[in-house]
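Using the sequences and the hints, build the whole thing.
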Amino acid sequence: MSTLTLQTVERDSFFTHLDFRPKLFMMATITIVAFVWENPVMECLLTLAVMLACLAVGVKFSYIRKLVVIMLPFDILLIVTQGFFAEALIRSRTGQTALTPLFTFPAHWFWVGGASMSVEGVAYAMNVVFKTLTMTLVIPLGIFTTDVNTMIVGMVQARIPYKLAFIFSSTLRFFPLLFEEIQSIIEAQRLRGLAFETMGPVKRVRVYAKVAVPLILGAMVKSQMLEVVLQSKAFSGSPDRTYLHESRLGVGDYILFAFFALFFVAAIVAYFGWGIGRFGKPVFINWF
Amino acid sequence: MGTPTLIATLDKVSYMYPRSPEPVLKDISLEIYKGEFLGVIGPTGAGKTTLCLTLNGIVPQFFGGRFFGHATVVGLDTLDHPISTLARHVGTVFEDPETQITATSVENEIAFALENLKVPREEIRARIPRVLEAVRLEGTEKKHPHELSGGQKQRLAIAAALALQPELLVLDEPTSQLDPVGAQEVFATVRELNRELGVTIVMASHAAEEMAEYADRLILLAHGALVKTGTPDELYNAVAYLEANDLRPPQVASTFSLINKAGRAVPKIPVRLEEGLQTLAAWRQKAQLHVQPPTAFPRPRIPSGEPLLSVKDLHHIYSNGTHALAGVSLDIHKGEYVLIIGQNGAGKSTLVKHFLRLLEPTQGRVLVGGVDTRTLTVGELAQRIGYVTQNPDNQIFNATVWDEVTFALKNLKYPREEVVARATESLEAMGLLAERDQHPLALPKGDRARVVIAAILAMRPEIIIFDEPTTGQDYRGAKYILEISRKLHASGKTVIVITHHLYLMPEYAERVIVMGKGTILLDAPIRQAYHEIELLNSTYLTPPQAVFLARALGDRHTYPLLTPREVAACVAGQPIEGEI
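As they're listed, the protein sequences go chains D and R.
With our numbering as the guide, the letters of the first sequence map in order to residues 1219 to 1506.
With our numbering as the guide, the letters of the second sequence map in order to residues 74 to 653.
Since the hints were made in silico from the structure, they are not lab data.
Wrong hints could be hidden among the right ones.
Only some residues are given here: those of chain D computed to face chain R with a beta carbon under 10 angstroms [as the list claims (entries may be wrong)]:
no., residue
1, 1366
2, 1367
3, 1390
4, 1391
5, 1402
6, 1405
7, 1408
8, 1411
9, 1413
10, 1444
11, 1451
12, 1458
13, 1459
14, 1460
15, 1461
Just so you know, even glycine gets a beta-carbon here, dropped at the ideal spot from N, CA and C.
Below you can see the structure in the form of structure tokens.
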């Protein structure tokens, strides 16, 4: 069984040397823009751009593929529900009175007979699919390319409370340990005759639910041990401390800041001024 | 010599954790002097960890509870001064190398406490290389702690504690999770810090041989009380007393104590190997060593017939490129008791995981009962091979002991009557039937291990693998599990044990497989394997002290003795029963 864990990119690129603050700004900008836009084509382009950036800075293709696979069941569910039931939503967005049918079930079919999946509904669902994918992919783009220590210093300098920055970095540190623990619990279950190989999704979920108890208990023991360790290292969570590393913004950082500031302003002005990025607008990239 | 300077004192200290029914420390008075190496010994639950945590104020400041008496460190009362102030004076190293490292680079790990104490950046930068040099980890500043071995991680934890320039360094069982190389590295580092830099050390440990070698003074805790204080010679001399307190003395002390008991007067029981060897040499010089050659040992059984488990030219390469197994071939027959040893990374666990198909061979084959494992599922293999891992808690996932033991049987779709019969039988065998309705995690650690074994036994496997069952256990706990393995073996099961604790195994194992760098370095009967000292040393393993003493007995002969009892019998001129 494979699991998805946090990692650090191996490629040493221009991007890995950047300060965490412009990366935080980039992540925030892309997330907000992806959230605001509703046009599936523009969302798709944004997703592709973020995906290409991920690959360029060294995030492994297998990781991206795994993310997409994990999200696939939710995406399919989304397309089905929006495709069939988005009529009111589309009407409120576009003012259309009739939707374009993609296909319709024969009227004599039991229960679903006569139900019609609309092109607009599917398009709206695709917008949500790309939106969530962009928001997910922007995390490895920003996090995997930054050393955790640089991240903490960057966050503190960005006026994020030190305690929060520390919790964030500790989570990154202990994530792999948690996954190792999940693996070993599932391994123990397989050793008691649990045929994980032939198990359906529902049964798998039940197995995962059983993992939760030892996992939570183990995590509680570990967190108390961690707290004792932190106390012995004079940790109080107070921001009144020194730092081994310092974080200085360079030319590249300012360029990234400027680029995403311009992108953000342009996207927001275009959206509210001319409706570019709204569902169904602009018409020239309206494929339905 | 001047008057020793006091660095810490405990004055009638008693302590109860918030929900503990009785005190964990009882009326302890103790003085710790500057520059000394104080060893803290005692069985699990004696209060060693609580005592260590009292010295840095975490008990009671962090845990709460009821604290009586006074504890001071460098003149500061641990109740009146915050933990952060005490942390400047007391460095602490804990048992688990994984949990105690919080940063993602070596230099940041060292800097963390200094940053918290607002030490200026330039000063932190100056201290990092100094402490890394002190623990021989120079050049690792930028490494991720994950890249370090277990022993290196513990040395990093020591370096991080040292960076605070503490007057007192407290280490709570720092080697219990390590392989012999790691433990050796940590002891050597601590000794160097103590002898060369004069750092005061307080170390809790079960490693009797090393404590006898390095500590200046020992304290023995039992049920929270300080029951004995003295030099290692004074404490480890009292072999019967230690054994009555579930503690294991160094083998050299046990050996000479048994010689003494057998009627050969030993004026001073040696507690360090070197002294034991010197005593034997002196006896020989004075022609006082009349060895009764061992005439009899059970002849090793030569297995015949079809092997139960067969490994043929097995290779395994992990996804990160590590070549963990390189052409391993071996046969294990029904009813054998096999010990697999080797340093961490030698390929021991990788090998046994192939038996259960938890790992797939990169090349080669594994046959169980003549059937290629590639044609069987993990579940099918688990019915023939039971696998007990180091941490029982990771193998427990049900709400009652009964559910835990019946989990596999229900999965394997046994009829209800069969499930009840088998579960009852295994719980009875493990003495756990009365606890059937309890939550497994509410039981003590030793009992939790028995729950896991009961659950595995319910499947009636032919082979049982114990992977590091003695790691993190005290002597009593380790012996308890090994006694279970003995019973299983006696009932006809094939037993495979992986452990670093070689001194525990002569009474149990028949055959030893020594692994190193993914290959089998030696596959021999235990009496031969334990005496291949050079080969064992080449993979950073050290045989038990009894083996070295046995080799010092004969001028021309090497007697294949393994235990203090055998060596003592030989020296005392008593025959060892059996047949060669």
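Does the interface hint hold: is residue 1402 of chain D within less than 10 angstroms of chain R, judged Cβ to Cβ? holds (5 angstroms)
Answer holds if the nearest beta-carbon of chain R is closer than 10 angstroms to that of residue 1366 of chain D; otherwise answer violated. holds (4 angstroms)
Does residue 1367 of chain D pass the interface hint, meaning its C-beta sits closer than 10 angstroms to a C-beta of chain R? holds (5 angstroms)
Chain R contact restraint for residue 1451 of chain D - C-beta distance below 10 angstroms: Residue 1451 of chain D check passes; min Cβ-Cβ to chain R is 4 angstroms, inside 10 angstroms.
Return the status of the interface hint for residue 1408 of chain D: holds when the least beta-carbon distance to chain R is below 10 angstroms, violated otherwise. holds (5 angstroms)
Minimum beta-carbon distance criterion (10 angstroms), residue 1405 of chain D to chain R: holds (6 angstroms)
Quick check on the hint: residue 1461 of chain D CB to chain R CB, less than 10 angstroms? Result: holds, 6 angstroms to nearest chain R Cβ.
Can we keep the residue 1460 of chain D interface hint, with Cβ of chain R closer than 10 angstroms? holds (5 angstroms)
Hint validity - residue 1459 of chain D Cβ closer than 10 angstroms to any chain R Cβ: At 5 angstroms from the nearest chain R Cβ, residue 1459 of chain D passes the 10 angstroms test, so the hint holds.
For the hint on residue 1390 of chain D, just tell me whether its beta-carbon gets within less than 10 angstroms of chain R. Since the shortest Cβ distance to chain R is 8 angstroms, the answer is holds.
Would you check whether residue 1444 of chain D satisfies its interface hint, that is, whether its CB is within less than 10 angstroms of any CB in chain R? holds (6 angstroms)
Return the status of the interface hint for residue 1411 of chain D: holds when the least beta-carbon distance to chain R is below 10 angstroms, violated otherwise. holds (4 angstroms)
Consistency with the previously given hints is maintained throughout, with no hint failing.
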